[in-house]
Amino acid sequence: MTTPYQHQGAPGAVYSSPIPIRRAHLGDAIASEWTKIRSVRSTIWTLSVMALLLVGIGLAVAAAITTSDANVEDQPILSLGFFGVLLGSLCVMTLGVLTVASEYGTGMIRTTLTACPTRGRVLTAKAIVFFALVFTVTLALTLFVGVAQVAIIDQGSPTTQEWLRSTLGVSLYLALLGLLSLAVGSMIRHSAGAITIMIGLVLLPLVMAMFMFTESLSWLQDALLEYSIPSQLGVLYDNSVTQSGPMGWEPLWIMLGIAAVALGAAYTMLNSRDV
Amino acid sequence: MTRSRWGWRMIEAVGLTKRYGAKTAVYNLSFHVRPGAVTGFLGPNGAGKSTTMRMILGLDNPTAGSVTVGGQPFRQTPNAPRQVGALLDAKAVHGGRSARNHLLSLAQLSGIPARRVDEVLGVVGLQEVAKKRSKGFSLGMGQRLGIAAALLGDPQVLLFDEPVNGLDPEGILWVRNLMKQLASEGRTVFVSSHLMSEMAVTADHLIVIGRGQLLSDMSVRDFISANSADFARVRTPDTEPQLREKLSAALSEAGAHVVPEPDGGLRVMGLPLPRISDLAHGADVRLWELSPHQASLEEAYMRMTQGAVDYRSTTDQKAGLMQQPQPGYGPPAQQVPDVPQQGWYAPPPPQPGQHPYAAPAADPRLPAGPAAAVPAAAPAPADPTKPEDPR
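Protein chains in written order, with this note's numbering: chain U, 10 to 284; chain Z, 9 to 399.
With the rest of the complex left out, here is chain Z:
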C-alpha cells in the first residue's frame, strides 16, 4: 500500500524475502518508512522483524527483493554511519571493553570526532560508568549503550530493535520521548517492538507483520478507527431479570446492537451513552451500570496477529505428574466454570471492506485464522531469525 502524500521514502523495501533453508523468515515484504515520524514495526516473536532490520542494514542478503536506505542499498551508502544508526541487540558488545572504548572504536571507524563519544554518553546517562567494562551492565544499561552507539553518527535514519527491553519505567519514558524528539527533528525513526501498548503511545505509523508477511501498514489513527469497536456495558438490577429483557428490546428498537454478556450485563453497540440512559429512563428501567468501553490497540493487534503467532503458549497440563486423589476422599472434582474477565471482550471483527490491513485471502501461505494456524504452531526448536542464536 502506498500513499503519495508521503513524499519521502527513506527506507523502502520491495518484495523482500529471506529464507533460511526450509524456513521462510520474511516473505514478499514491501513497505516504506518516511522521515519526520516514528514508524512502529510490530509483530509477534519470530515474525521476521529482526531479520528485516538486518536486511535493511545489509547484514543479511535478501533471498529475493531489495531494500534501500535513502535510495541506495545500505552497503553502497557513502558515509553509512553518518546516515544510519542502529540498535540491533543490546548484548552485541564485547563485555570486556569499557563503554567508552566501545563507543570510541565505533566513532573512529566512522570518522567521527572522539569528543562526540562523551556527548552521547551524556545523552544516554552513562557517564558514571563510562570506564566500566560493559560485562557488568544491566540489560537497561546495555540498551542505553546500544542507543548511544546508534546516536553516535547523528544520523538521519535510526533503527531500533526492541529498544525498551529491560528498561525501567523511567527508561521507557525516556526512550519514548527520545524517539518522538528524533522524529520531530525530521529524522526517520523505525522502531520494532512486540508490544502494541508501547507502540500505541510512541509511533505515528504502524507496520505490522506476522509470519514474515505484511499484515497492516497504516497510521496509528487509521489503525484505531479501522479496529475500534466501542461499546457500552449496561447492567440492570440482577434481582429483576425482566428489566433486562425490556431494556434489550427498547435498545434494539432504537437501532442498537445488543449482545447479552455471561454475567448478566448487556453489551450495547451503536448508541451513545446518553441515548442509552434516555432510553432506559423512557422504558422505566433502572441501571446498575452504564460504562463506556473502547477496544484497545492491544486487542486489535492480538486479533490481527492471532493467526500469525509462531510460538503459542498452552496451559500447563502436568499430565500424569499429579498425585491421583484417593477415591472417596476430598471434595468431588468440580468443573470450574469459565468466567470471563470483567471488562475484557475482544471486539467483533471489523466489517468486510473495513480492514485494508488483512492479508489477501488468496494467499495460502498465511493462515487466516487460529484453526488454520494449528499445524504450523508447533514450536520450532531452532529459529534462525533470532540474533541470540549461537552462530
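Chain U with its partners taken away, still in its complex shape:
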C-alpha cells in the first residue's frame, strides 16, 4: 500500500537540475511584465479606446472649426487635442490599475511572487513597462493628432515650445498619471476600487470647486481649480482654466512628485504585507 521509505540509494542525494542556473535580474522581470501586459485583452482594449478618443475627438474638433470658419487665432491650435487627451486619461488610469490589481484579483500575484520573491523588482518592472508603453502610445497619438490639426485648420504654426509641451509634455504627464494609478492599484489591490479612486481624484476637485461659493472658501476654490488634474493638463496646452497657478512645464513636476510618493508607499506596503 505504501512505497518504500528509501527510494534512492545514497541518502542525502539531493536533486540538482541539469538546466544551468542563472541569477534572474530586473531585465528578466521587465521581459516577463512585457509578456504579461501584451498577452491580455484589457491592454489592447484600453489602448484602442484611447486611440479612438484622441484621434476621433481631435480630428472632429478640428474639422468642426474648419467648416464653421471660426477664428481660433487667439488660441493655440494644438490645445484642441485637450479634450481627447482628458478622456483618454481615463483609459490610461484603468490600464494602470489593472496592471497590478488584476494580479490580486486572480491570485496570480502569489504565483508571481513565488517566482520572484524580490517583490520590489516585480513592481519596478511593472512600472517601467507600463510607463514606456503609455508614453510611446500617447506620444505617437498626440504627434499624429497635432500634425493633423495643424494641417486641417491651417492658421499659423505653433512654436517649438508649444509642440514640445503638447506632445512630449502631455505624454509624460499621462504616463505619470498612469504610474500613480498603478501605485494606487498596488495599494488598494482591488481593480474597481482603485479605478473609482482615480476617477474621483481627477473629477472631484473640479466638482467640489463648483460648489464653493462663499468668500471664505474662495482660496480653496482657486487652489482646487488650479491644481486639479484637468487644469494641469490644460496648462500643458496653454489652455488653463485660471490665469494663476502652475505654468509652463510645472504640472509635470507636480505629477512626478505625486507619482513618486505613491510608488514609494506602494513599495513599502508590498514588502510588508501578506499577499
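Read the hints as simulated data drawn from the structure, not as lab findings. Note that the Cβ used here is the ideal one computed from N, Cα and C, for glycine as well. Among the clues, some could well be false.
What the hints assert, rightly or not - Listed next, the in silico EDC-like pairs over lysine to aspartate or glutamate satisfying Cα-Cα at most 20 Å (straight line):
hint, chain 1, residue 1, chain 2, residue 2
1, Z, 188, Z, 162
2, Z, 31, Z, 20
3, Z, 31, U, 78
4, Z, 188, Z, 176
5, Z, 99, U, 283
6, Z, 254, Z, 297
Stated by the list, open to error - Short derived list, chain Z residues pointing at chain U, Cβ under 8 Å:
hint, residue
7, 89
8, 104
9, 113
10, 119
11, 157
12, 159
13, 286
14, 321
Using the hints provided, position chain Z relative to the given structure of chain U.
Chain Z only, in chain U's frame:
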C-alpha cells in the same frame, strides 16, 4: 519530534504561528521535510495547511516563529524559482492569458529559457490547449497548468497544495506517480491534502495538523502500526444464539478480546484467523462468517482529527419546514433503528503510550475530544486562511 536519521532538512519550520486578528490559523507548528520522499501534509479544511504553505513561500509573514527552505527564509533564497516550485491555487492565473503566455511570463521572470515552457507543457499534457486562454480551462486542466508552473524551474523542492482537486482518475494516478517520481529523483516533495486515502498511497511520511497545531509527524508505516486495530468478524448461525455464547467464552479463554456487534456478530481482537477457526472447531461451533478487517488510515485519521474539525456538518433537520402530518392518517411515526453500516467500525483508540502523535494534553488550546470541540465548532463565516477569500 525530530529524528536524527533524516540528515537533510529542506524545509524546516520552528514554532510557526500565524494569527489573523483574533483567529489563530497556525499555532506553534514545528516540523521538517526531508528530500527523497513524498511528505503528506494532512488536515481537515481550515486546519492551516494553506497558511503554512504560504508562510513557507514567504507570501505571508509568520506572527511568530520561522520557516526556512534549504536553510534560508524563502525571500532570501537566491534563484528562488530554481530551488522551489509551488502549486498553491489552480485558479491563480489570469484567465485572459493563454497557458503558454502564462508560463512564458513566469519563465522569463525566473531567468529560465523559453523552450522549457514547451517542455513542461508536454509533461503535463497541455500542448493542445497551450494557445487557449486559461479562462476556459476545467479545474483539472487548471491543476495541470499549476503543476506545469511548479515544474518550470526544475526545482529541488516542490510544494503542492491539494494537487488532485478536480482531477479525473487518470489525472489522479498521474499526479500520484509524478510525486513519487520527483521524490525518487532526490527532490523534496511536500503535498497537502485533506484526503487520507490519497496520501496513504502517495506519501512516505505524514505530517498531520488540526486547528493549526501538529497532531502527528511520522512515516506512513509508523502511522499505520500506531493506529492499526486489526480484528476479525465472526458470525455464528443466527438460529442458535447459544453457539455465540459458547464461542465467545472459548475465544476469551484463549486470550482474545471479544466484543459483540449489534447485528449478532462478534468482533475478535488479538487472535489470528486460523486460530479462531481452530477454536471454533474445537468448541464445535459452526461459523457463518470469519473475515479479516483492517482499520484504514482514513479511520485513524478521522479519529485523530475529530476534535480538530472546524467545519462540521450536521443532519439537515428541515425543522418547521415539513408539512405536519394529519393525525389519524398515514402510518404512525416510527423510530428508525440505528443500524450501523456493515464492516465499518471505528477501531478503539490506541493504548496510552502508543500514540506519539497526540497533542500534549496540557495544552488547553486544542480540544482533545468531540465534546470539548462543540463550542468552537460553530461555523466561522469568514476564514482568512483560505486563498479563495476575496481580498
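Hints versus structure:
1. Z:188 x Z:162: 15 Å, holds
2. Z:31 x Z:20: Since the Cα atoms of residue 31 of chain Z and residue 20 of chain Z sit roughly 24 Å apart, the hinted pair is violated (cutoff 20 Å).
3. Z:31 x U:78: Violated - the C-alpha atoms of residue 78 of chain U and residue 31 of chain Z are around 72 Å apart, more than 20 Å.
4. Z:188 x Z:176: Given that 20 Å is the threshold and the Cα spacing comes to 18 Å, the pair holds.
5. Z:99 x U:283: 19 Å, holds
6. Z:254 x Z:297: 16 Å, holds
7. 89: With a minimum Cβ separation of about 4 Å from chain U (threshold 8 Å), the hint on residue 89 of chain Z holds.
8. 104: Since the shortest Cβ distance to chain U is 5 Å, the answer is holds.
9. 113: Because about 4 Å separates residue 113 of chain Z from the closest Cβ in chain U, which is inside the 8 Å limit, the hint holds.
10. 119: 4 Å, holds
11. 157: This hint holds: residue 157 of chain Z lies near chain U, its Cβ roughly 6 Å from the closest one there, short of 8 Å.
12. 159: The hint is violated - residue 159 of chain Z has no Cβ within 8 Å of chain U, the shortest such distance being about 11 Å.
13. 286: 29 Å, violated
14. 321: Where the cut-off is 8 Å and the nearest Cβ of chain U is about 27 Å from residue 321 of chain Z, the hint is violated.
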